[in-house]
Every structure is written in C-alpha cells, then in structure tokens.
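Protein sequences, first through last, are from chains A and B.
Note that this note's numbering has the first sequence beginning at 8, numbered continuously upward.
Note that this note's numbering has the second sequence beginning at 594, numbered continuously upward.
If you are wondering where the hints come from, they were derived from the structure by calculation, not from laboratory data.
Quick caveat: nothing in here was measured; it's all calculated off a predicted structure.
Some clues are possibly wrong.
[Said to hold, decoys possible] Covered, in the sense of this in silico footprint (three residues per stretch, anywhere, with C-beta under 8 Å from a C-beta of chain B), are these stretches of chain A: (1) 95–106; (2) 114–122; (3) 125–136; (4) 145–157; (5) 211–222.
Where a beta carbon is used, it is the ideal one built from N, C-alpha and C, also for glycine.
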Amino acid sequence: MLDWWLPENVSTYGQEIDWLFHLIYYITGATFILVFVTMLVFLVMYRDRPGRRARYTHGNTTLEIVWTVVPALILVILTILSVPAWSKIKMTMPETDFVVQVTAKQFNWQVTYPGPDGQFGTADDKTLLDEMHVPVNKVVRVILKSQDVIHSFFVPQFRMKQDAVPGREIRQWFEVVKPGRYEWPCAELCGFGHSGMRGWIYVHTPDEYGKWAAQNLTAEAAPAAAEPKPEGTKAETTKAEPKKEGKAKK
Amino acid sequence: MSATSATAHAHVEHGGHHELGFVRTYIFSTDHKMIARQFLFLGLFMMILGGLLALVVRWQLAWPETAVPGLGGILTETGGILEPSTYNMAFTMHATIMIFFVIMPILAGCFGNFCIPLMIGARDMAFPFLNMLSFWVTGSAGLIMLSGFFVEGGHAAAGWTSYAPLSAVPAYTGVNWGQNIWCISLFIMGVGSMMGSINYITTIINMRAPGMQLFRMPLVVWSLFITAILLLLALPVLTSGVAMLLFDRTLGTSWFRPSGGGEPLLWQHLFWYFGHPEVYILILPAMGIASEILPVFCRKPIFGYHAMAFSMIAIAFLSWIVYGHHMFVSGMSPALGMAFTVTTMVIAVPSAIKTFNWLGTLWGARIQFTVPMLNALAFVSMFVIGGLSGIFMASTPVDIYIQDTYFIVAHIHYVVFGGSIFGAFAAIYYWFPKMFGRMTNTVLGHLHFWPTFVFFNLTFFPMHIIGVGGQMRRIYNPMQYEFLQHQQPWNVFITVSALALGISQIPFVVNFFWSLFAGTRAPLNPWNATTLEWTAPSPPPHLNWGPTLPTVYRGPYEYSSPESKEDFLPQSTPPVGAAGARRH
C-alpha cells in the first residue's frame, strides 16, 4: 500500500507540500465518509415503502447557514495554511552561490554551469545534456528557459514543478537533503517526443560533488559527454550548445 | 410576466396545422424539439467516436507499443501499433470531441432546446430559425472536425488545450492542416453556440407562461439560463483565441510565438478565461438535471430552492475569476496564483451548498429507484468525489506536485464523466418518454447503469493513485520512467476497467434504439411530475400545447404537499377554491 502513495520526498520544502497534501486528504476523506454514509443511510431509510408520505419541507434556514459557513471556514483555513508554503517555494529566492541554467528544448534538458568564472555566457560555460549534478544540502537556483515550446521541469521526489516558457527566464530553487539519483521528467506536453523526455539529477555529498566538478566543470575538463537517449524516441542527440538561447528577458 | 402571454398567444394563431414536408420536419426543422433530438443524435454519435479514442489511448498505456486490436486496418504502416504522434492525436481528439461535440451538444444543445420552452410554457424558442441555424452550424463544425482525421500529417496533436507555441508552429508537432482544422472547427462551433445561447436567454426572459415567475422556474431551466449566459460570454473568447492561433499558423502573425515577439502565456490566459467557465457550462446543466430529477423520485420538494438557484448564480460569477488555477506553475506571477487560490476556495462553497441540499432532499423522502433516479444519484455522489479532489488543486503548494499528473485526469473525469455524463444519462432516461413518446426499457436501463457505475469508478478512481505516484498525463509510455514502472499493474487494471466501461454502453445503445421504435407508448405524465412539460402530449406536437397555454400557480416541486391528496401538485393545477381556472 505504501508503494501506492507519494514518492519519497527528498527536498526541504517537499515536507510542507506533503503536510498540506495529507491535511487535505484527511479533511476531504472525512467529508467523503460523512456525505456517503449520510447518503447511504438516507437511501436505505427513506426508500419507497407503501403507506408512507414524504416529508413536505422546502428547506431549513439554520441548516443551510451551517453547511454554508462550515465549509467556508474550512476552506479559509486551508487557504491561509497554503500561503506560507507557496510564498516560500515560489515567491522567495533564498541566497545562494550555486546557479545553473536549464534550457529545455524538444526533447532534452540542457544544463549549463557557469564554469570557474561564475558567469554565464562566457567561454568556460559547461553544458550537459539531460543530467544535472548538485551538492546535497545546498540551495540550487535554476534559471529556467525554453528554446522552442513549453516544457515543465518536474522532479517528483523534490515536489518541484515549473513550466519553462520560451521567451522567459523563470527563476526557481530547490534544496535536496538526501544524496541520490533522481528522475527528472518533462511534465508538459511538448510534442511527439514528450514521453521519454527526461533527465537525471545527481545529488552528491559535498566531497563527491567537488570531485565531479573538478573533473567536469574546470577549464581543462573535457567537454561533458552527452549520453544519447537509450529510448530513441526520435530525440536528436545534438551536442550541447552553450549560450545559444533566445533573447533573455529581464 | 403577464406581458409575455400576449406574445405566446400571437404565436399560436400563426402556428396552424399546415403539414410540413419531410425535409422541414426532420432535417431543416425549426421545431425546438426536433432540433433537440438532432443535437442528441449528434452528441451520441460523437460519443461513440470519443469513447473509442479513449480506449485506444488506454490500450497504449496498459500495453505500450503493442498492436491495438482493430486498428491494423487503419494504421497500416505500423500494423496497428500507436506511434507517439498518433497517440498524441488520439488523446487530443478524445478530449476535443467529448467536450465540444458530446457534452455541449447533449446537455446544452439537446436538453437546453427540449426543456426550456416546454418547462417555461412557451410554444417554441424566441428565434426558431436561428435555432435551426445553430444546430446546422454546430453540425458543420463537427463534420469539419472529423475531416481532420483524413488530412496529411494527422489531426491536431497538441492536447485539447493546444498550448502555444506547440500548437502555433506546425514544425513543433509535425501537424499541419490537422491543427488548422481544429481551429476552424472550434471557431464555427463557437458561432453556433452563440446563436443557441442568445436564443435560450431571450426565450427565458420573454416567453414564460403566465404565472411563471423567475423563482417558479424549474432548476434545470435556471441552470440552462445560467449556462447560456456563460456560453454567450465565454465562447467568444475561445473563438477569438483560435482565430489568433490560426493566424499565427497560417498568416505569420505572432500572437503566441515568442520568436516574433508574441507571448505563449497569452494563449493560456485566453484559453482558460474561456476554459474555466466552460467547465461550469459542462456541469451546471447536469446540476440542474439532478435537482430536477431528485425531487420527482423523492416525492418531496427540493431542499432549499432559492439556495440552489443562488448558488448556481454565484458559481457563474465566480467562474470568471478562478481560471488562473490552471496556471499556478505556468510562469504566471506567483502572487497572482495566490489570488486565484482564494477565489478557487470560494467557488467550492456554492458547490458544497448544492451537495448538502441534495442530501437534504433525500432526507425524509420516499425514494423510488428508477433508472433516471439512479443516474441522478450517481451524478451527486460522483460530483462529490470530483469536487473534493478539486480542493487538492486549489491549494497552490499541493498543486505544484499534482499539476499535470493523473490526479488531474481523475479529477476531470469525475466531474465531466461522473458529473456531466451521468447527468446526461439521467436526463435521457427521464425525458425520453416525453421526447420520443415511448418508455425506455427498465431492465436494460439497470443493465446499463450498474456496470457503468462500477466500471466508471474502477477506471477513474485508480487514476488518483497513479497520479499521487507522479504519473504525468499525456505521456505515451509510462514504462519509459523508472519511478513509474512499479505502478504499471494499475495502468493495466484501469485499461481493463475502461474496456468493460465501454462494453457497458451496449445495453444503452440497444435500449435507446429498441425503445425508439418498440418501447411501450408513454403516458402524458409517466413519472407523476409537476412541471409543465408533463402537461403536453408525449411527444408534444408542433407548438407544444393546444390552443391554451398552461398557467402557472406555484413553484416547480410541490410533491407530497398537504394541499393535495395525490403526492404531486402540478404547477398548472389551479388552487382549490381559487378562481384561477376562470377563463382557461
């Protein structure tokens, strides 16, 4: 049964989403049981039997006020409880020195690191295809772009989703608390290769990440190899093309 | 109100009984009841197609990249195996057909046309010719939509939402004329629906029978009135949107293409500004139908008539300011997202009111489990599930995770199939005797209802589970993802249930056609109902009533009233002892 539930959460803000999810789950579950039990009881109790006439009533103001106000209050509370998590995840941007640029295209994620100079758009940028490496317990800022159509950056275990919109630069962040390898699908229909458009996010311990970065992101490192996609859903395996993004709106 | 009676009387004098030829009676008819039947046949025919497309989609999801039985002859190149592009086309057209050419024609087109004049005591629509035009324009739109299956490159494949720029640049999908035809067809459909909605609104405002005050109107008429207003205001937004999309595709404009300075999110704003009222266009008539059928088979007035009417009005107003909840993670300002959360939570309140009022109607009732009643009860219970699952999405943080997953697919199907389609079935079984003058077969009705109800739930409930597990919607093959592979048995289970759900519709088709020709003749008022349509003959003749129109003396749900010995008191029965019956 546990297997049929939310995948394991590994991000900092994921807990807040899961908490809200479970809260709503219990509230709606209780409402569901209340409504269905009432309905079933009524259906059995008030089934047509000879010699009985239905109760002639047009309503009951008190009852109607109660069942307007109670759901309204619950919904107000849910709204209020949703605000902090939303503003934390989407409306604030924690300070960080770790920034990557992700440019989606049909049907790949292009991940660009700024290189040793810390600047995007310079010669030492490094671009990987369909893989991202980040250290654990570190706020990662993602500058999300798209080269063609709308894609959606979705990492189920991070509880993170954000559409990548061509012509826009959207800033997102996440912080992972557990090292590992996490699947990174596209969640917005983006064409015939939509299914199978996915990458992997590797979350390393700081040491491992340092080693990986030294091998792959320094000026001497060989250009990161882009693995061809095994599924072969007609996705072109073009070499990563750094700084060939569309206009960057600010 | 009394002013309207003059119009009605003027009408009948011109009516006469001149015989109309075959073409004017069955094809280019201006009679609202014939137009209603035409919309019904259009919707049911398209439902078969939309349903088969759904089964094709489900086959691929359960047994990816295996030949779909029966498609070998159509997809000759692949031997019946769906390619990703064909798969995208199949789900795009499944949704497009079901929404625009099944539910809208059946609920708004058929029952709007059938119920409004008969239930408010009018002889026909205000503009009968426009009404005929509305059907034929919608029908042409349907034909144009079907033609898209035969063009080079296939039909539209960018989802029913056709997000730009995927839909705006042919090279992104490889679909050229298919998407253009999609735009053209919906444009024409929008024009047809506008003609219908103007007619409904005018008829309800101007042509009510004497005594039919607004708050004596049956709730289904209220729901259709509100739906018509939403149609009138929402469809033009879609119509302009698809025109702009077509211009982007064919004339080189750049409304939605960033390469030319356009804005992809503009499409989403236009689409959902139409799209959310559209959701209520699909569900409001079904709510009205349930509110109509429950009192009849509870033999009891609807609980909270005014609350029911006002909650529909509230839903109609709020439906304009909730659309942004489709766009929480679209790149729209997150601050705006917060505002849409508030409005979305607010719109849940009138839905809750309606649900509790339906329960209140069951309280102390004398419930007759007829086939229309079972379908209406299914509507209520499935709508509850669909409404409750909607609360998950209203909470923005939770929506981040479940947006674009099967949780959403489960939700929309609980609302649109569990809600609108069960509402449509309820309405068909309930009004069939009046519409065609014959009763439907009860045994076949049960044989249709029970398996449909069971397999509906077995099909769509597990979609919540795989959605919570993270399965994205619109993916071609879940097995391409490691984190989804353990859920594959669910996908097989869902597909098997969906196939059974499809087979469960056979008794309905048999029942429909058998009853049409061989059903027992329907009496005037087979359900002992109180509303005006049951005072007209079954089926009602041209102009519905004889020389005298019914006069209305009371509200629509006077069941088990102490004023009457029988357990129903029709709207048009004069009060005992009053001089109501004087001149009629």
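Going through the hints against the structure:
1. For the segment 95–106 of chain A, the assignment as covered by chain B holds, since 3 residues bring a beta-carbon within under 8 Å of that chain's beta-carbons and 3 suffice.
2. Counting residues of the segment 114–122 of chain A whose CB falls under 8 Å from any CB of chain B gives 0; the rule of at least 3 is not met.
3. Residues of the segment 125–136 of chain A with a Cβ under 8 Å from some Cβ of chain B number 0, which does not satisfy the need for three, so the listed coverage is violated.
4. For the segment 145–157 of chain A, the stated coverage by chain B holds: 3 residues have a C-beta nearer than 8 Å to a C-beta of that chain, and at least 3 were required.
5. Closer than 8 Å: that is the beta-carbon criterion, and the segment 211–222 of chain A has 0 residues meeting it against chain B, so the requirement of 3 is violated.
Violated hints for the displayed structure, listed by number in ascending order: 2, 3 and 5.
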